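If you read the sequences in order, they're chains A and B.
The opening residue of the first sequence carries number 1 in our numbering; numbering runs sequentially from there.
The opening residue of the second sequence carries number 499 in our numbering; numbering runs sequentially from there.
It is worth saying that the hints were derived from the structure and are not from the lab.
A couple of the hints might just be wrong.
List time: in silico SDA-like cross-link candidates among lysine to any residue, alpha-carbon distance up to 20 angstroms [what the hints assert, rightly or not]:
no., chain 1, residue 1, chain 2, residue 2
1, B, K962, A, P76
2, A, K110, A, E34
3, B, K524, B, L655
4, B, K586, B, V532
5, B, K962, A, K440
6, A, K440, A, G368
7, A, K114, B, P857
8, A, K114, B, D925
9, A, K114, B, R854
10, B, K922, A, Y167
11, B, K558, B, I508
Which chain A residues face chain B? A few, computed with CB under 10 angstroms, are given here [to be verified]:
no., residue
12, E113
13, R115
14, V185
Chain B residues, not near chain A, derived (Cβ > 12 angstroms throughout) [stated by the list, open to error]:
no., residue
15, L535
16, I549
17, Q585
18, E648
19, I663
20, T678
21, S838
22, D848
23, F910
The model shown is predicted, which means the values in this text are computed figures rather than measured ones.
Every residue gets a Cβ at the ideal spot worked out from N, C-alpha and C, and that includes glycine.
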Amino acid sequence: MDFLIPNQLNYPILSTLIFLPLAGAFVLFLIRDEKAAKIWSLIVSLVVFALSLPLYFYFDPATYKYQFAEHSPWIPAFKINYTLGIDGISLFLVLLSTMLIPICILASWKYIEKRVKEFLFCLLLMETACVGVFSALDFVLFYIFWEAMLVPMYLLIAVWGGPEKVYASFKFFLYTMAGSVFLMVAMIALYLTAGTFSIPQLMTYTYPFNFQFWIFLAFGIAFAIKVPMAPFHTWLPAAHVEAPTAGSVLLASVLLKMGTYGFVRFCLPITPQASIYFAPYVLFMSIISIIYGGYVALGQTDMKRLIAYSSVAHMGFVTLGIFLFNKHGLEGAIIQMINHGITTGALFLCVGIIYERSHSRLIKDNSGISKIMPVYIGFFGFFCLSSMAFPGTNSFVGELLVLIGAFTDNRLIGALSIPGVVLAAAYMLRLLQKIAWGRKGDSHLSDMNLREIVYLAPLAIFVLWIGFAPTPFLDIMHATVNHLVEQVQSANAVALVR
Amino acid sequence: MDYALFLPEIYLLITALVFFCQSLWKSSARLNQVIALILSGIGVIITFYSINLTGELFHKAYRIDLFSQIFKGLISLGLFLIIIIGQKIKSIEDQFQPEFFMFLNLCSLGLMLMVSSVELLTLFIAMELSSYSLYVLIPIRKEINVGKMEAAIKYILFGAAATGIMLFGMSYIFGITQSTYLADILNKMPELLGQPVAVIGLLFILCGFFFKLAVVPFHFWTPDVYEGAANITVSFIATMPKLAAVALLLRLVSLAGAGAADLIQVLVLLAAVSMTFGNLAALVQKDLKRLLAYSSIAHAGYVMLGALTMNTVGFAAAVYHITGYLLMNLACFLVLCSVSREGENVTVSDLSGLYRRSPLLALTLAVGAFALAGIPPTVGFTGKFFLFTAALSQGHLTLVIIAAVNTAVSIFYYLNIVRFAYGKDPDGLPEVTLSFSNRLLNYGLIVAIILMGALPTLFIDLAKTACETIIS
Chain A
1 MDFLIPNQLN
11 YPILSTLIFL
21 PLAGAFVLFL
31 IRDEKAAKIW
41 SLIVSLVVFA
51 LSLPLYFYFD
61 PATYKYQFAE
71 HSPWIPAFKI
81 NYTLGIDGIS
91 LFLVLLSTML
101 IPICILASWK
111 YIEKRVKEFL
121 FCLLLMETAC
131 VGVFSALDFV
141 LFYIFWEAML
151 VPMYLLIAVW
161 GGPEKVYASF
171 KFFLYTMAGS
181 VFLMVAMIAL
191 YLTAGTFSIP
201 QLMTYTYPFN
211 FQFWIFLAFG
221 IAFAIKVPMA
231 PFHTWLPAAH
241 VEAPTAGSVL
251 LASVLLKMGT
261 YGFVRFCLPI
271 TPQASIYFAP
281 YVLFMSIISI
291 IYGGYVALGQ
301 TDMKRLIAYS
311 SVAHMGFVTL
321 GIFLFNKHGL
331 EGAIIQMINH
341 GITTGALFLC
351 VGIIYERSHS
361 RLIKDNSGIS
371 KIMPVYIGFF
381 GFFCLSSMAF
391 PGTNSFVGEL
401 LVLIGAFTDN
411 RLIGALSIPG
421 VVLAAAYMLR
431 LLQKIAWGRK
441 GDSHLSDMNL
451 REIVYLAPLA
461 IFVLWIGFAP
471 TPFLDIMHAT
481 VNHLVEQVQS
491 ANAVALVR
Chain B
499 MDYALFLPEI
509 YLLITALVFF
519 CQSLWKSSAR
529 LNQVIALILS
539 GIGVIITFYS
549 INLTGELFHK
559 AYRIDLFSQI
569 FKGLISLGLF
579 LIIIIGQKIK
589 SIEDQFQPEF
599 FMFLNLCSLG
609 LMLMVSSVEL
619 LTLFIAMELS
629 SYSLYVLIPI
639 RKEINVGKME
649 AAIKYILFGA
659 AATGIMLFGM
669 SYIFGITQST
679 YLADILNKMP
689 ELLGQPVAVI
699 GLLFILCGFF
709 FKLAVVPFHF
719 WTPDVYEGAA
729 NITVSFIATM
739 PKLAAVALLL
749 RLVSLAGAGA
759 ADLIQVLVLL
769 AAVSMTFGNL
779 AALVQKDLKR
789 LLAYSSIAHA
799 GYVMLGALTM
809 NTVGFAAAVY
819 HITGYLLMNL
829 ACFLVLCSVS
839 REGENVTVSD
849 LSGLYRRSPL
859 LALTLAVGAF
869 ALAGIPPTVG
879 FTGKFFLFTA
889 ALSQGHLTLV
899 IIAAVNTAVS
909 IFYYLNIVRF
919 AYGKDPDGLP
929 EVTLSFSNRL
939 LNYGLIVAII
949 LMGALPTLFI
959 DLAKTACETI
969 IS
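Could you put the whole structure together from the sequences, leaning on the hints where they help?
Okay, structure coming up:
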């Protein structure tokens, strides 16, 4: 296995990150007191986060190979292995997941009143699944985490959600599951062709174009639903609006990334020729997503729904960047994945904070609070600026890189995506203006407390960090992205020679 | 004769006789239930103890090998679990319970005999023993609804017709091979497969098992029997005969070998129609047992994916999947039997707010339904994954795509069950209290469904070894 760099650390760090939350979740059943359960799961998630930091410090940015790798046979009868490892793309997504879970637990401290233990159980299960998805290097292992994640997420929406929770959770589950059954068929077809489920090995094999065509379609549907891209996005607003705050945050920050991660990890390296063939269509859909998502967000009256549609637009930039197949586009897309996770997660947290006080998510019920809740508006305004890619914030870096990539590739694509940037400013400023300076609001609302500042502050730091000094982040992904671009380009060259 | 080889069967016969004696005088229902529990528990130990035995009995008409012993182990385990579920049978009058347990044991005996039979007439007699027991079991139910007689009549009529077709097929096979021994038939089959009569004869024999497995077009009895019979009886019918039917399906299909393209064509067709019909019909069901009935038709289709591959991997996948099916179906029936207060049928809306009325039952139901839907890391996913892989490796791409679409469709109704349990409010429905043994079974099934799904290696390797003995 020359794609794997044996674990640099003397303990299986990725397995620990995956199974520690799971073990912690089961301990919850032994705890009777709800407060103790909250403290316990916070400790577990913080420990997991602390344990995930060595990934960043010991990561070797010089290689594209998979680091911290673990490999052992799992189901030999079908050549399925338990293989884990991360590269420059998945590193940040793993860190993002481990960072957000403690934040989610803190954000739900008061908000969740019934069935607290079960709620925390679902959150910790989500952590297991999320870290698993981003670090699995065996297709079956990946698929298991990918699907298993649906169940806790479904329960988070269905049990602790808003008034339309039943409809929303049902739609969420059906859409994502319907997409992924074809992923399973594609996975088996790949196995029967290449004789392995190992993702790095599958990448080295050259498949006939016709085969790639169908595999890409199967992959594409599953991932496009998850992202979600324009025609498949309808589950997203419903799920976001009804989910509890922590659910919305995880949905936006981690789950949507699984779709784009899938494109980067599977479509581009495994089916490069088909990716090139389908790129115009995907780019077209991305631009539709950017403009449509922004346009619809402009007309929303519900804060969560507005942010949900803005997600569709932002994720459009990510898929746009991915399917340009150049370095700027891909790096911009990956940075944008992290940005969206931080910024949109923070915005959902902000909505959660105001919802806990006013019990309404409607813009008109929460307007004019800048004098009543100055600290809150400070944070909220800051994240709004980040969301519309204001220079100096994280999204500016990401969108700029994607746009540079777009203009290098084709001026038309670049020009078409510009309106999206303008729309983002329009809908975000409209939201901010109404919330901060609209009709005078309810003066009984109390400002943010220390707990809320504590969980928003790290996200704000990252907004500025990536905004002003993106180099440490970009440096880590250079080698991986270069290798990915090479993989696609060489396949293209092979195709041209034929 | 080596009696040790025949011990599990003899033991079941003795158990049945114990209950025959119990039925002669008035005895308390509780006592009978406890006796049944203890005896079946010992039965599991005896069967698992004899799992590594091999040998032949009764002039080589009866073979004990790993393949048959695995199925016998599963049958005795299933019987034990069903008797735990039936520790407070509400759907059957106290005075009929000795008879109920007697026929339950006799039927299991018939199924055990079936999986070891390697001669057509022995097979036929074993099958009739289990069928006749079921004919009696189905109408044993409290007078709650009138559907039970309809169910019994339907089962007898369809069963008799299927048996007739099966016998007819056996006569053809005997006619062309001059033998009723499967080993002889296997030797002569390759040269005969060109003749339509061989294919038709084999197909007709398979009809008997298609009936037990509820493969379209032999499925008509399923929803009505499920609805009409007592809940506890249905949990038996839904799982155990299917185990034996899969075992025999594999044994008989392997007679044809990979050369039988026509036979495979028919199996492909039946599999596709079964899963599509079962899943589509299940979408509109309101009664939980009818829903599970149609789901079982669909699952029969999935299992056929393994049978029609004609190789060890596919057969092992089928054995694995039907074992998983036993577990996940019993999980659903455990919930159904517990929720039903007086032994009445349970509609999907009766499950409303189950997570408040009994969190443990709701969890069991969710795990069972998600497993049936094929969501990892449950046994349902792993089984489907193995089946799809095996079928695709033999080039049945269209069939696998149909199966995948079906999986997507089926999620709707399985999730609907979970939606009622977790998404809705109880609306005044009472809480469900569970006995200790019932709780234990809940935990056991949840753990088994997930563990067997996550760590299938041990069982799949065992199944592979077992299937090598029947494919020569």
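Structure-based check of each hint:
| no. | hint | in the structure |
| --- | --- | --- |
| 1 | B:K962 <-> A:P76 | holds, 12 angstroms |
| 2 | A:K110 <-> A:E34 | holds, 11 angstroms |
| 3 | B:K524 <-> B:L655 | violated, 33 angstroms |
| 4 | B:K586 <-> B:V532 | holds, 10 angstroms |
| 5 | B:K962 <-> A:K440 | violated, 73 angstroms |
| 6 | A:K440 <-> A:G368 | holds, 5 angstroms |
| 7 | A:K114 <-> B:P857 | holds, 13 angstroms |
| 8 | A:K114 <-> B:D925 | holds, 18 angstroms |
| 9 | A:K114 <-> B:R854 | holds, 11 angstroms |
| 10 | B:K922 <-> A:Y167 | holds, 11 angstroms |
| 11 | B:K558 <-> B:I508 | holds, 18 angstroms |
| 12 | E113 | violated, 14 angstroms |
| 13 | R115 | holds, 8 angstroms |
| 14 | V185 | holds, 5 angstroms |
| 15 | L535 | holds, 28 angstroms |
| 16 | I549 | holds, 20 angstroms |
| 17 | Q585 | holds, 25 angstroms |
| 18 | E648 | holds, 34 angstroms |
| 19 | I663 | holds, 35 angstroms |
| 20 | T678 | holds, 35 angstroms |
| 21 | S838 | holds, 24 angstroms |
| 22 | D848 | holds, 17 angstroms |
| 23 | F910 | violated, 6 angstroms |
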